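Here the protein sequences line up with chains Y and V, keeping their order. Taking full-length UniProt numbering, the leading residue of the first sequence gets 1, the next gets one more, and so forth. Taking full-length UniProt numbering, the leading residue of the second sequence gets 1, the next gets one more, and so forth.
None of these hints come from the bench; they were simulated from the model. Check before you lean on any hint, since a few could be wrong.
[Unchecked claim] Which stretches of chain Y does chain V cover? Using the computed rule of at least three CB atoms under 8 Å from a CB of chain V, they are:
#: 1; stretch: 96-104
#: 2; stretch: 110-116
#: 3; stretch: 199-211
Just so we're clear, the structure is a prediction, and the values are computed from it rather than from any experiment. Virtual Cβ for every residue (Gly too), placed ideally from N, Cα, C.
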Amino acid sequence: MPEPDPAHLIDLSDVGRTYDDGPAALSGLTLRVRRGEALAVLGRSGSGKSTLLNLLAGLDRPSTGRVTVDGLRVDRLSEAACAKYRRSHVGMVFQFFNLLDDLTVLDNVLLPAQLAGADRTAAAARAAELLDRLGIARHARAHPGRLSGGERQRVAVARALMNRPPLLLADEPTGALDSASGADVRELLRELNAEGQTIVLVTHDLALAEACATRTIELLDGRIARDVAAVTR
Amino acid sequence: MSGALGRVVRAGVGRRRTQTAVMVLTTLLSVAAAVLALGLLVVSSAPFDRAFARQHGAHLTVEFDGSAVTRDRLAATARAPGVAETAGPFALVSVRLRGEGPVPPGFEPPPLTVVGRSSADGPVDAVSLNEGRWVRSAGEIVLEARALPPGLVLGDRVTSGTAELTVVGIASTAGASADAWVVPDGLPALAGARQPAFQMLYRLTAAATRAEVAAGREAVAAAVPADAVAGTQSYLDVREAAQEDRGAFVPFVAAFALLGLAMSVLVISVVVSGAVSAATRRIGILKSVGFTPSQIGRAYVAQALLPGSVGAVLGVALGNALSVPLMAEVAAAYGTGIEPIPLWVDLVVPAAALAVVAVTAFGPALRAARLPTATALRVGPAAGGARGRRIRGLLGRLPLPRPVTLGLAAPFARPARSVTTAAAVTFGALAVTFAVGLGNTLVAVKADGDPNRGGDVTVRTVAPPEPGEQLPGKPADPVAVAAATAALPGTGSVYRTTRTQIGVAGLKGGAPLVAYEGDTAGSRHTMVAGRWFEAPGEAVAPTRFLRATGLRVGESVALSEQGRTVRVRLVGEVFDLGGNGMVLRTAAASVASLDPRYMPAVFFVTVAPGTDSAAYAERLNTAVSPLGARAAVTEVGKSSVILAMQALIVMLTVMLVVVACLGVFNTVVLDTRDRVRDLGVCKALGMTPRQAVAQVLTSVAGIGLVAGVVGVPLGVGLHSWVMPAMGRAVGTTIPPADIDVYGAPLLALLAVAGMVIATAGALLPAGRAARTSTAHALRAE
Ligand SMILES: Nc1ncnc2c1ncn2[C@@H]1O[C@H](COP(=O)(O)OP(=O)(O)OP(=O)(O)O)[C@@H](O)[C@H]1O
Ligand SMILES: [Mg+2]
């Protein structure tokens, strides 16, 4: 068993994932991601990008291989331990926001802290800080249904960052946004990474990958077809 | 399009397997409970009238002196004015029948009216057979159910003088025309040297009032020679006697039946409307491919009716199956023949249930179908939207773990569904509360309603002998028994009772009197009002005695025996369900001057503290056996009526609770399906499986709480309303102590019942929700 690697946050080793009898969604995938990296994952539809993110988030388990994040063998965690791992290590942003429409913006952002049983005042302070930072403080008491797509994605990002996770996962964060809002989110992710946030970003959007990724891989039929470090940033 | 419609329906039924199963089960149980409840309600409402009508009972039964009138002359009475139909003449004789076993001394079997009749059927008084068959030859006898000596079963032999008969059937006649029947040829053997009498059974053109029946009697009497009429019986008197004890079931069956019906309707509507509103998106898709709103309405009605019909048919079968043993008990309790559940109940209940299904399905389906297609398509899994947001927001502020506050807020997203489910569970809690109280009261009433039972050990001075033993010539000497009992170590206090019939001023035929001797403090019994007798000259009487004599507690009554008279003061109304509620009780000293002729005595011994009753009873028995007495631990009596009621209570309660659980189960299944994405999001944010279960369970906790807080007081209220009615129906006042059976711990326990029902219903879907794949849930866009 390899020693926990302080430089690499993510260590995937020979990971495969097969659904039922279908072809492998991922196979023989070995990938290491350094702390502070922003990795963009490109690839055609069905190439295994979301599968990869799910494995990193502990939402899915590999059929073969090892998934290690921050020294934790994510593939071996129990359901409950997975949930706790997500609370402390992972923030997720989705294409369709996945905000709870029943809760206010503030309550959505507070949710991860509340699930973790965090101190109320500390959580409130952190939420206020994030809302302020992301420019959505004035919508705190509104319900997500009232917000524009770009604003909703900001709420989702704020929620993802609530517990200060070492890893931010984003699946097509600009996929449902118009170009202006997309640029907005792109800028936000770039800033976050500049502050040291490790990001794994799945996208079709080459502009997004170029703008904020420090490294780009391309998946093809569940394998890494290309792995390039960004030339400039 | 109808082919397409059929395919849509079939696919819908097949796809939603849980939904379909719940629908089948709910209609099954609801229909079964409703069939049972309504069937019992119908059968037990005016059981006498129903049985009498069904048997075409005789309005007027006349016995003629066999030597004063001819058969032809009797047959001619059919043409008497006012007579509609007749049966007879049948030969009739009054005999005392003995069973096979030995008979205790002093015991004389009651005289029974035996009628020679070749067929149970007839235009009047079509006797119904409960067991066995009708008599075919001399040497066979059919007994009326109420005249059945205890312990006698089909196939036993009975004797009267030299005649020996086999019991081939047990029958009942609502009009009480006879106690037993033999074939006409069999009667002479029973009559011996006596001239048999004749019986004629009449139905009258008008028989609603006593005057009308009396007019019929006059007309019949006028058609025969003077003095030919030996005795007459009006069905109105039979009815009055029959209705005294039988009404106990009615109020409680009615209460339960109504509960069952209300719950059935509620749960069916929750399940069906839930199924339809869960399908809003599917409806949108159907519309977008060209279905019209009315086609969609029909499709969803059909989709609900398919499993509904299966459940309804099975439910009718189950209800009827369950009713078989129950109806036998009810028949025994009412003293009527076994009645099947009426056919119309088997038709009306499922039809009504399916109508409820259709109506509750059509409304939401049509509403969904009228929704603009785009909206319907957009209303995704997380429908519910803006409703109750303020309350949900406030609940979120509660200082409780987030999964709990999320769960508490959930019912406000679908207020209508939550309210209906809460109502169903409230009915469930109400039913449980009512049933528990009813059971407790029945047990208490049974224990308290028999003043003839007392002490730890009972000694009878007349005892049926063991097999092979000689019959004692006379009862044991009470003085010797008393001495033997007093001499035995372990004896605490002893009192003895003896029975006699005594004249009571203003009461035709007098009343039974139980006289107490010895340490009568130990004989004290549950009182409805007043107190137990203490000083000489004091007596207690049950409710019906007081009503019959018009006396009140505190007044005195004159008792007489062969010209001797004594006055006793009534100091209390005793709770006594036995002896037709007419038994007067007093100290023997109070009536000593009457010098009544007592029956054999019974001793009641309370053992000294620390003495084992069973061992003591055995020692006492050894001591008193040589004297001809028998000692045994005081028996706790069983009553078939109470057993039947308890069986019914358990059966209906279980069904209603399961239906309530199914209602909750369904609601939670729908809610978690609605919230599958929300739950997936929460899990992605780090909600553990345990937190997910907690959230789902707390989402029904409110429902359970409401059910407990509302249902339990309602159940207590219903109980305190139904019990006195039951008492009144059997002509007694039930002592308050037997009605007030809910202690604080029991109430607390019952209040939890709603929560338990709700949680039990939610457990399965909660576990399933916790296990669903998050990745999958999040993909469900
Ligand atoms: N739960 C599942 N069950 C069965 N097959 C699945 C499941 N999830 C994904 N797959 C299959 O695995 C393969 C990879 O899917 P994945 O969602 O990772 O693709 P993707 O690269 O994210 O595609 P897209 O760009 O369309 O989101 C696909 O062939 C998909 O059908
Ligand atoms: Mg994807």
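Structure-based check of each hint:
Only when three residues or more bring their CB closer than 8 Å to a CB of chain V does the claim for the stretch 96-104 of chain Y stand; here the count is 8, and the claim holds. Only when three residues or more bring their CB closer than 8 Å to a CB of chain V does the claim for the stretch 110-116 of chain Y stand; here the count is 5, and the claim holds. Beta-carbon proximity to chain V at under 8 Å applies to 0 residues in the stretch 199-211 of chain Y; the threshold of 3 is not reached and the given coverage is violated.
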